[in-house]
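Enquirer: Following the working numbering, the numbering of the sequence shown begins with 1 at its first residue and continues without gaps.
One or more of the hints may lead you astray.
[Said to hold, decoys possible] With a straight-line Cα cutoff of 20 Å, these simulated PhoX-like cross-link-like pairs (lysine-lysine) come out: (1) Lys21 to Lys44; (2) Lys108 to Lys11; (3) Lys21 to Lys108; (4) Lys21 to Lys50; (5) Lys109 to Lys21; (6) Lys21 to Lys112; (7) Lys21 to Lys47; (8) Lys48 to Lys21.
Everything labelled a hint here was simulated from the structure, so no lab data went into it.
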Amino acid sequence: MNLVIATENNKYFAVGLGGRKLQSFEILEERYQQSERLLDEIEKIIKKDKNELSDLGRIIVVIGPGDFSALRIGVATANALAYSLGIEVVGVRLNTWWLYLSYEQRLKKVWKVGLRQAQADTSKVKWVEPEYGREPNIG
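Build out the structure end to end from the sequences listed, making use of the hints.
Expert: Put into structure tokens, the structure is as follows:
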């Protein structure tokens, strides 16, 4: 079972679950709620399909470009879960033209690319880093 996490935008975030295909997903359009809601939404989507956290074999996460805090939360969560479960994490960098797709279409693109990258890279990556695409605007 694979989990996908997309938190590249402060206005929304998404999680999804599946095997070869993305079977279920949730897109939450809530500004700045990644840190408060992400773990709860991951738990909900896993339990919704009657799975357990231990059923996960891989985590696919958007690594950028995107909003600083939103990306950092998603990537840190993916890395921590992957480490604690002893599974691989796959980072997917968004193509610029994907930003014009609907949230659902974008999540499906991330899913497909993440699975393709995992099959191509047999090193079983243990952690990924965010790629913000610009200097953080903090202040």
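Enquirer: For each hint, tell me whether it holds in the structure or not.
Expert: Cross-check of the supplied hints:
no.: 1; hint: Lys21 to Lys44; result: holds, 19 Å
no.: 2; hint: Lys108 to Lys11; result: holds, 19 Å
no.: 3; hint: Lys21 to Lys108; result: holds, 9 Å
no.: 4; hint: Lys21 to Lys50; result: holds, 17 Å
no.: 5; hint: Lys109 to Lys21; result: holds, 11 Å
no.: 6; hint: Lys21 to Lys112; result: holds, 8 Å
no.: 7; hint: Lys21 to Lys47; result: holds, 18 Å
no.: 8; hint: Lys48 to Lys21; result: holds, 17 Å
Checked against the numbered hints listed earlier, the structure breaks none of them; every hint is satisfied.
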